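2 protein chains.
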Amino acid sequence: MHPLHKPHSPNALASTPCNQRKPSPAPHPVTLMPHVRNVLYIMCDQLRRDYLSCYGHAHLHTPNIDRLAASGVRFSRAYTQGTICGPSRMSAYTGRYVSSHQVAWNAVPLPLEELTIGDYLRPHGIRTALVGKTHATPNLDALQRLDIDPDSAQAQPLNEVGFEAYLRHDGIFPDSPLFADKRESASYTHYLREQGYAGSNPWHEWANAAAGEAGEVLSGWHMRNAHLPARVAEAHSETVYTTDRAIDFIHEQGEQPWCLHLSYIKPHWPYIAPAPYHALYGVDQVQAPIRAKPGQASDHPVYQAFRQHQESVNFSRDEVRLRVIPTYMGLIKQVDDQLGRLFDVLQSNGRWDDTLIVFTSDHGDFLGDHHLGEKEFLLEPAVGIPLIVRDPRAAADISRGTTDRRLVETIDALPTFLEALGLPSAEHRLEGRSLIPLLHGVETDWRRYAIAEYDYAFQAPARERLAQPIDRCRMTMVRSERWKYLAYDGFRAQLFDLENDPQELHDLGADPAYTQVREMHQGYLFEWLRGLKRRTTISHTEIDLRGQQFRYGEPEAEKVVQIGVW
Amino acid sequence: MHPLHKPHSPNALASTPCNQRKPSPAPHPVTLMPHVRNVLYIMCDQLRRDYLSCYGHAHLHTPNIDRLAASGVRFSRAYTQGTICGPSRMSAYTGRYVSSHQVAWNAVPLPLEELTIGDYLRPHGIRTALVGKTHATPNLDALQRLDIDPDSAQAQPLNEVGFEAYLRHDGIFPDSPLFADKRESASYTHYLREQGYAGSNPWHEWANAAAGEAGEVLSGWHMRNAHLPARVAEAHSETVYTTDRAIDFIHEQGEQPWCLHLSYIKPHWPYIAPAPYHALYGVDQVQAPIRAKPGQASDHPVYQAFRQHQESVNFSRDEVRLRVIPTYMGLIKQVDDQLGRLFDVLQSNGRWDDTLIVFTSDHGDFLGDHHLGEKEFLLEPAVGIPLIVRDPRAAADISRGTTDRRLVETIDALPTFLEALGLPSAEHRLEGRSLIPLLHGVETDWRRYAIAEYDYAFQAPARERLAQPIDRCRMTMVRSERWKYLAYDGFRAQLFDLENDPQELHDLGADPAYTQVREMHQGYLFEWLRGLKRRTTISHTEIDLRGQQFRYGEPEAEKVVQIGVW
Chain A
7 MHPLHKPHSP NALASTPCNQ RKPSPAPHPV TLMPHVRNVL YIMCDQLRRD YLSCYGHAHL
67 HTPNIDRLAA SGVRFSRAYT QGTICGPSRM SAYTGRYVSS HQVAWNAVPL PLEELTIGDY
127 LRPHGIRTAL VGKTHATPNL DALQRLDIDP DSAQAQPLNE VGFEAYLRHD GIFPDSPLFA
187 DKRESASYTH YLREQGYAGS NPWHEWANAA AGEAGEVLSG WHMRNAHLPA RVAEAHSETV
247 YTTDRAIDFI HEQGEQPWCL HLSYIKPHWP YIAPAPYHAL YGVDQVQAPI RAKPGQASDH
307 PVYQAFRQHQ ESVNFSRDEV RLRVIPTYMG LIKQVDDQLG RLFDVLQSNG RWDDTLIVFT
367 SDHGDFLGDH HLGEKEFLLE PAVGIPLIVR DPRAAADISR GTTDRRLVET IDALPTFLEA
427 LGLPSAEHRL EGRSLIPLLH GVETDWRRYA IAEYDYAFQA PARERLAQPI DRCRMTMVRS
487 ERWKYLAYDG FRAQLFDLEN DPQELHDLGA DPAYTQVREM HQGYLFEWLR GLKRRTTISH
547 TEIDLRGQQF RYGEPEAEKV VQIGVW
Chain B
7 MHPLHKPHSP NALASTPCNQ RKPSPAPHPV TLMPHVRNVL YIMCDQLRRD YLSCYGHAHL
67 HTPNIDRLAA SGVRFSRAYT QGTICGPSRM SAYTGRYVSS HQVAWNAVPL PLEELTIGDY
127 LRPHGIRTAL VGKTHATPNL DALQRLDIDP DSAQAQPLNE VGFEAYLRHD GIFPDSPLFA
187 DKRESASYTH YLREQGYAGS NPWHEWANAA AGEAGEVLSG WHMRNAHLPA RVAEAHSETV
247 YTTDRAIDFI HEQGEQPWCL HLSYIKPHWP YIAPAPYHAL YGVDQVQAPI RAKPGQASDH
307 PVYQAFRQHQ ESVNFSRDEV RLRVIPTYMG LIKQVDDQLG RLFDVLQSNG RWDDTLIVFT
367 SDHGDFLGDH HLGEKEFLLE PAVGIPLIVR DPRAAADISR GTTDRRLVET IDALPTFLEA
427 LGLPSAEHRL EGRSLIPLLH GVETDWRRYA IAEYDYAFQA PARERLAQPI DRCRMTMVRS
487 ERWKYLAYDG FRAQLFDLEN DPQELHDLGA DPAYTQVREM HQGYLFEWLR GLKRRTTISH
547 TEIDLRGQQF RYGEPEAEKV VQIGVW
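Top line first, the protein sequences correspond to chains A and B.
When the letters of the first sequence are read in order and numbered with my numbering, they come out as residues 7 to 572.
When the letters of the second sequence are read in order and numbered with my numbering, they come out as residues 7 to 572.
Note that these hints are calculated values from the structure, not bench results.
The model shown is predicted, which means the values in this text are computed figures rather than measured ones.
Since the list can't tell identical chains apart, any single copy or any two copies may satisfy a pair.
Simulated pairs of lysine to aspartate or glutamate, EDC-like, Cα-Cα distance not exceeding 20 angstroms:
hint, residue 1, residue 2
1, Lys339, Asp290
2, Lys539, Asp495
3, Lys539, Asp147
Using the sequences provided together with the hints, build the complete structure.
Have a look at this one:
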């Protein structure tokens, strides 16, 4: 029997750490519809919200992602909770804000007790696998203290943040001796050799390299080579390789329930694409940069410090943008083509009709906007992400093809999976909210603001330029219906009016006319900090049962608790 | 070789989870003094700050505790972070606020990754043992998920929150069938039988019972029996039994370094004492209750709800106070006599000269003050605790016998132990501050306010009377130099002027004249929430090393990180 058919059976509950279910907050007719059987959670890396045709890009056509949006809901104001991979992904996997799961930067270990997607689904018989990137870092200190061998079977799901690593593909490692072991342990390294790409580091020498005019190898790490085709055939490139493994998994699983996290490393740098994707777009199809007029950019010290970063300085040069962005677009186009292959498989084998599909990104890429590169700042090009959700059930027909402008967050994915699968929630831990009521057109109060966080303690140049101590380098975004408020340790806040200044070109953070608006958002920040879940080892149901012991005077209770009895 | 002689050796560091040391915040001459060898951390349960003669009690003389104060420092404004046992003790053992360690109430499991005293000391060769109470609760859900047998050796230190349980003595269990196994597994149960106290539950029938006029057994759970002597001989009572085990441990340990947590269950209820302590004090030695004049008590809904608790109603009756308080005083007197025994041992075997001694309590007891019983409210009788610290080193001579009025907290104990022992600190986790600079007369900026928290979600009567959801029952105290501000979920704050109203009889929380004072303290609350340590899986030193990778342009670094290279 399908385990999902009896999600509330005592056995199922006893085997899961989140075994107290409260009724869904929204009273929508969940009883009228079956639960979905599978979840396909697709994530791109460093894909900007506005680089998809369904999100309005003028030249980059992504018909397959658009097909998903046309049969699902496109969220036009979705935000990541972290602006770089590790923090953002751990929020996706735990359903909790960065300040709660504590992974403030890349390669920071997730506390072992943070429950992830696999912890919630696996006890109910749902195989929960990874194909692609997670940026998970083993928590070696905790394993050592708990006397758990990091290489043991016991440690594996912990090291993979709860996923079965069907394919772990975190992207190319720096070409440094420090990473030799990791490169050799990466399956893509061996796959390339099997395809005839020889060498000690074929990933770097073929997939991440182009050929110079004299046949010399030009590194894909250097953006000046972004216009050249990679030395790897498209059929053997990372995006195709990842998609192949996802299709293998889905075929292998057959009719058994699954949750697959298909996590593409692209269009994340290195910015180099295999033919023909390296040449699909030209400089005339590169959107103009979003920049304040000369002399009108914010004078905020943190923003100014980030403008000094190497990637910001380089991306401020037109020759860099014009060489990199067409390739960035080509890498996205390749992902869209591969998703077309995948969606055809799902439609042919019936999975399209019983699988909840989510398409999103972990964060964006400034690409020179605001004279910034990379994504370590809380403006829209970095924190704005695409989010498309397709619920195959009839109850979702009401919303198909629509755009939802409500403020949604990366942490909403896991609660959405749980409700769609008919599994118990865990309101004492989960900080995100299920999107199912939104997909089913059910009236529900929604959050008034979205939160994102970044901690530049890990970047010595900015921290030292700003002379901030290591525990005072936090930036926090409070994005409300109209405003974006950016709070900083030790510096004034920034404020942007997204209704009248959607490009965030006018910093109102020092304008006395907006004191009340800033105070209101400071109040939201307090409310959010106060509301972080800090009672994660006991469920609300357990607390309620415990409380009953204090019903003084009731004979049964008095037998247990005899405090203050005369 | 004594491991403390090389606390910075690579091996010592590799073996400890807190292996990055930063210089002490205060530049005092630590190099001029040896480190202490041992730590004796004495804690009473439910001992009010003002029930010791060195803290001003008019009738209760505690010469042995006073002896410690005379040769150490008495902190006159020490606060617990939680007002009941579990939360307060987990703050003591982790050096972190309740909102950080998450043990919001009794019997809530501590997250396995919260490091405790033993985790910091044991890797340096210091045997860290418990004699008495911790109120620790095994984290069974986490152990199950990590596939650790709760009964295994691997789990034991986790189940005992890092202590070696030389004697675990959490106090009598309720006389309910639910607790039969726990009663039978308690060593004191068997000790009593060995001394000839027969029965299935000798703890209840002898130690927690008195004899009626007709020889019938009267339960110590009933406060009406508090004036009668316990049926157990003083030599076999809990306080003597606990002290005996502590002396055994110290003798057993000889010259080897140790940290002993001597944790008396008394004067915690049941309020019943062995002869002669049941009759040492009379009703004329009971201090008058601290209560607002009729009609002048605060109308705050949460305060009013707590006044309805059974123990509050009973302790509001004079006959209850006059019967219970003399026995409460006798139980404290017995602890003082036993500490006299223990201190004599330390002075005879040399430990008095190489041991840091801390005496404190986990929280107080209202005893009818403010028409409240127990300790679940954030007024002085509950949150005010005694704290006496004796550092045997010459550098502390400057402060011996003095009183320090600075705002200190229970979470300061662990950082104090680490500095006194010369061990690495862990500023990325520890939220308390070392008291050593205060003991050594070293100039240092000190905290501006102390924090305490209570969560009444676990008490159904108050929660339901106030109609608050289970995650909106928090009370937070911000106690500054002059003021006490009490913030509530869903209700107005309370405010007391401790300079002009030390008894907290006049609630200024609704007085428009104090709006700015309340706003200032709301600002402190925000600052505190923002400052909670949320990056506990990576040290500041590791972050700093990581940051160095981003020194763009430095050849060695560039080999590792090649982001945004043109």
